[in-house]
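Visitor: Once you've looked at the hints, dock chains G and X against the given chain Z.
Residue numbers (the numbering used here), protein chains in the order written: chain Z, 395 to 816; chain G, 395 to 816; chain X, 395 to 816.
Source of the hints: derived by calculation from the structure; they are not laboratory data. Please note that the accuracy of each hint is not assured.
All copies of an identical chain are treated as equivalent in the list; a pair is satisfied when it fits inside any one copy or across any two copies.
Under the rule of at most 25 Å between Cα atoms (straight-line distance), these lysine-lysine pairs were calculated in the BS3-like manner [as the list claims (entries may be wrong)]:
1) K401 - K437
2) K743 - K404
3) K461 - K809
4) K437 - K556
5) K594 - K754
6) K743 - K624
7) K401 - K743
8) K705 - K624
9) K543 - K450
10) K497 - K592
11) K754 - K437
12) K415 - K705
13) K743 - K625
14) K624 - K415
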Amino acid sequence: MIEVCKKLYKIYRSITGSGVKESLEIIKTYIPIEIKSVESGTKCFDWNIPPEWNIKDAFVIDLNTNKRVIDFNDHNLHLVGYSIPINEIVSFENLVSHLHYIKEQPNAIPYVTSYYNKNWGFCLTYNAFINLDRNASYHVVIDSSFNEKGQLHYGELLIPGKSKEEILLSTYICHPQMVNNELSGPAVLTFLANDIFKNKRYNFYSYRIIFIPETIGSITYLSLNFNRLKKFVVGGFVITCVGDERAWGHIPSRLGNTISDRIARNVLTFNTSNFEQYSWLDRGSDERQFCSPGVDLPISSITRSKYGTYKEYHTSLDNFDLVTERGLNESLEIYLKCIDVFEKNCYPKINVLCEPQLGKRSLYPNISTVDSGKKVRNLMNVISFCDGNNSLLDISEICHLSFSEVYGLYMELLKSDLLISE
Amino acid sequence: MIEVCKKLYKIYRSITGSGVKESLEIIKTYIPIEIKSVESGTKCFDWNIPPEWNIKDAFVIDLNTNKRVIDFNDHNLHLVGYSIPINEIVSFENLVSHLHYIKEQPNAIPYVTSYYNKNWGFCLTYNAFINLDRNASYHVVIDSSFNEKGQLHYGELLIPGKSKEEILLSTYICHPQMVNNELSGPAVLTFLANDIFKNKRYNFYSYRIIFIPETIGSITYLSLNFNRLKKFVVGGFVITCVGDERAWGHIPSRLGNTISDRIARNVLTFNTSNFEQYSWLDRGSDERQFCSPGVDLPISSITRSKYGTYKEYHTSLDNFDLVTERGLNESLEIYLKCIDVFEKNCYPKINVLCEPQLGKRSLYPNISTVDSGKKVRNLMNVISFCDGNNSLLDISEICHLSFSEVYGLYMELLKSDLLISE
Amino acid sequence: MIEVCKKLYKIYRSITGSGVKESLEIIKTYIPIEIKSVESGTKCFDWNIPPEWNIKDAFVIDLNTNKRVIDFNDHNLHLVGYSIPINEIVSFENLVSHLHYIKEQPNAIPYVTSYYNKNWGFCLTYNAFINLDRNASYHVVIDSSFNEKGQLHYGELLIPGKSKEEILLSTYICHPQMVNNELSGPAVLTFLANDIFKNKRYNFYSYRIIFIPETIGSITYLSLNFNRLKKFVVGGFVITCVGDERAWGHIPSRLGNTISDRIARNVLTFNTSNFEQYSWLDRGSDERQFCSPGVDLPISSITRSKYGTYKEYHTSLDNFDLVTERGLNESLEIYLKCIDVFEKNCYPKINVLCEPQLGKRSLYPNISTVDSGKKVRNLMNVISFCDGNNSLLDISEICHLSFSEVYGLYMELLKSDLLISE
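In isolation and in its complexed conformation, chain Z is listed as follows:
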């Protein structure tokens, strides 16, 4: 997955533009996504898709030294996203009003955009900023273009299952040159989709995988597919910030207790040593749209160090020092476990009254001692809740056993013909 991140790292992405398409083409070499395009100007609910914005070059030259003091080619974050084109000589004072830096993090280039307000600007480290010559004039060049007849690009893959009901797995692809937020998301989703697609071990639900620009992309996607999504989506996740090893977090849906929320909490509870339970008020990615009033899809989000909570967030320091293969792999595993719960969850019902006799089915130890009672305790606990009203997920919560433990015991009961078949 680190490889995917590295391939995508230096491609310049924004909410529109050729970089998104180029990135999607790379992902397509792993999984057979369809790359779709929607025209600039298309009305999507309260929004219109903005003109497609592309950038060829951007730099600032100190006219005293004739050297490039800020250069987009050094780091993509140097340019404020969606900057209008400019080619002018400006004073230091004029330049400064277009510069962004973080005094408290003197080595970080901040990430700044101005999508819906015509403006231009550059970002740089505070250390670079204080080295600028206050007496110099500067030649500012931004060779950007806005295409009113352009397009917004996104990628989509449907992996059909036995059921038309869909699990929606979404990530965003609109941030330049940062890794935990965002490249970890596309990398993990690519591998997650690949597992579902190739291994076929999950085949009850249909899986809809989308790679979209954040906010405008999810609004566009919802606008184009609203009725279908409302009809078929029964669960899903926004996959973002899943690359470092420092933390786990869960951002719930707006209503907070959908099946996706419950699965996320269950999997995190039994498979991580600790996780932060965020509130809807801490949201920040496409769940904002998926769970908005009237949309209300059952979408939840599991993250590692969550956007807005780590110091490198939205700066050039969100790089490969932070994100590791191990971090990505752990995230993939957690999401696979969530899929596992979606696929395997059911409402078992025992087919005998009173406890079944486990001994005659070789489910009970041969001799009962002070300790031996404990050995079958988990099985007995699970059985005691197989009343047709509790799902395996419920039983996992009630019995304080991981879903996979409960599922293992459920399979033993199934093999022993102790469950009513549906």
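Guide: For chains G and X alone, coordinates are given in the frame of chain Z:
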């Protein structure tokens, strides 16, 4: 408001008698209440209005010195309320069995009544008690009268609104010469009613303001108006102990979660640094009747230092050392905020799917930086709950924003045509 | 009750066999239970009643010394329950594979059974074990018999009440020579049944008292009486481990909030200084059957030191050093209080609106002082919840008053004609 308290301070009040009427006449100089009277003997649910009791003079003379050692004219609390008339020479021993004092508060005259049991008595400070001559005889005079054909008086004002639904605001007017409990209540309610009546800024609900003797007065009022109250009262408060600056408290209704309770808790949460959440078991004023089984009006109570919880309670020390204009003013402000919530609360519903585009409505900052997201966060949070199922009060609680903050944001949405009009 | 325990102590009991019948005959000298028998082989839900097992003698002789080194006559726990017959000379190594001891409790003989797996074995203290001669041969004799045409015995008593609805009181009678678990249960239930039967003070509900072998006995009983139990049982308890003085515990039903659970918690809350609230996951006795999916009788359990939680559990140390007459008596009292709540609980409704006038009914102190309000506070609190929706049990919980206190106040209201008669 201190002026109102001072005007009423030395008028002798009890549950019946000319002092109540005299007090209501003073209140009538501020707001146009109607003074109503109900005849002694009238059956009110399980009670009968007692004979009207009036007092001309009451004192105890030490016959050794021929001096008045207890004199009702010095302080009204010296006389046990509803004492029967007496004019006798008694021994010290006999006198003592009719005296009340508080050893632990040697400078306080306690407040004692005997409404429904024929008796007489005097109250005095412990310091005065120990100075009585144990060898003297005493001339005891209580020039009181009981009128079986008398009346119980109360004051009432209806301020009609657009709706026939009523907010009931009640205070009691039956305690002699004490300020936090009781004069702060009538003072704050007088000014609260005056604000509603004069400023007309609250005009959706009708406001029913009553000044009644505690217990027998509320029982009488409920008995006379039961069907109307059950039909129209949608909220309200018992206003008592609202004059000092030492504490805030909330006494809930019997069922604990009426709209009045929720508003009281919300206003106290966001507008005081701290408040005591009492239980129904801590009740003690007319909510006992308003919330009794079968009556169950949605009535709650906000207090400063609550009856029964402060050491000066029901003694002569509950005076102007305790109650301040600032204390009264803060209480008035809190109750005005409660009225504000009643009047402004509604169930807003956003009229677009997904998040609205705030930028094109000048609701979004022009440039997005690491920090700028936080600026519109509150607005976004409020929007995310405008689903038609949450009231502004709900949203205030969910988003941890004061009602007035939420209302301000709601008004911005209304002006931006982002809400479905009802 | 200690006497009952002592009479039963040395009778050898297992899930079947003559010892159970002999034990029931002793209980029958106290209360008129009917002794019932069900044939071996009878199908009971998922189970078959096992062959009746009886034991005449069992010992191990060291052939070097010709002395009995383990003798069933010394302590019944020496023999593994349901051991098959054997009469053989075995080596030390062979013998050891059939021995059970607890190294951590060197003076305790453990309790081991092998009901459904054909096997034999002996139990002994670790101290005795290490004294065995490793070079000796051993003569092992178990003179046991299995009767395929035998019977399982249990005792039953129905004490009819005004209502056909039944309170089910169950204990088990299948453990040899241990006192807290199990003889305390039969002893307390014998005296509890005797009180209900003789004193007739509890006569609304019918009481069904059963003494059954654990697990197979309750499954058998449920199998034979399922429809009747489902129709008539409205509450009840499994009475076990009620003999020591060290602790109190409550094991809830599977669903956790039946009337039996609520009564148990209420009685323990107000009548013990402390109790352990166990979860359904901590269960271990016949509630496993009574509350199994589809059976779901409202059965709960109050214990002293609960099975599995005290170090002497299931060993020879669970003896009369642990169980005391005082411990048994306290348990009897607690269960009688539970019966009391079942019998007396009702939904009182006050027959006046607003507070009733307590004074005219001598329910109010004659003179009101700073303190006197507190005296009628409990009565007023109870009255305030007599709305026909709260039971006395609810009111006890809400007002933090014991059920008997609430009941006393309820009786005062009843005598004062303040309650609506049903």
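Visitor: Hints first: check each against the structure and report whether it holds.
Guide: Going through the hints against the structure:
1. K401 - K437: Intra 33 Å, inter 68 Å, cutoff 25 Å: neither.
2. K743 - K404: neither (54 Å within a copy, 43 Å between copies)
3. K461 - K809: For K461 and K809, the Cα distance exceeds 25 Å both inside one copy (75 Å) and across copies (51 Å).
4. K437 - K556: neither (34 Å within a copy, 42 Å between copies)
5. K594 - K754: neither (36 Å within a copy, 46 Å between copies)
6. K743 - K624: between (31 Å within a copy, 19 Å between copies)
7. K401 - K743: The answer is neither: 50 Å in one copy and 44 Å across copies each exceed 25 Å.
8. K705 - K624: Neither: 37 Å inside a copy, 58 Å across copies.
9. K543 - K450: Within. Shortest intra-copy distance 18 Å satisfies the 25 Å Cα cut-off; inter-copy 96 Å does not.
10. K497 - K592: Classified as neither: same-chain Cα gap 48 Å, cross-chain 54 Å, threshold 25 Å.
11. K754 - K437: This pair counts as between: shortest inter-copy Cα distance 14 Å, intra-copy 67 Å.
12. K415 - K705: Cα proximity of K415 and K705: none, with 30 Å in one copy and 70 Å across.
13. K743 - K625: between (29 Å within a copy, 22 Å between copies)
14. K624 - K415: Neither, since 28 Å and 67 Å both go past 25 Å.
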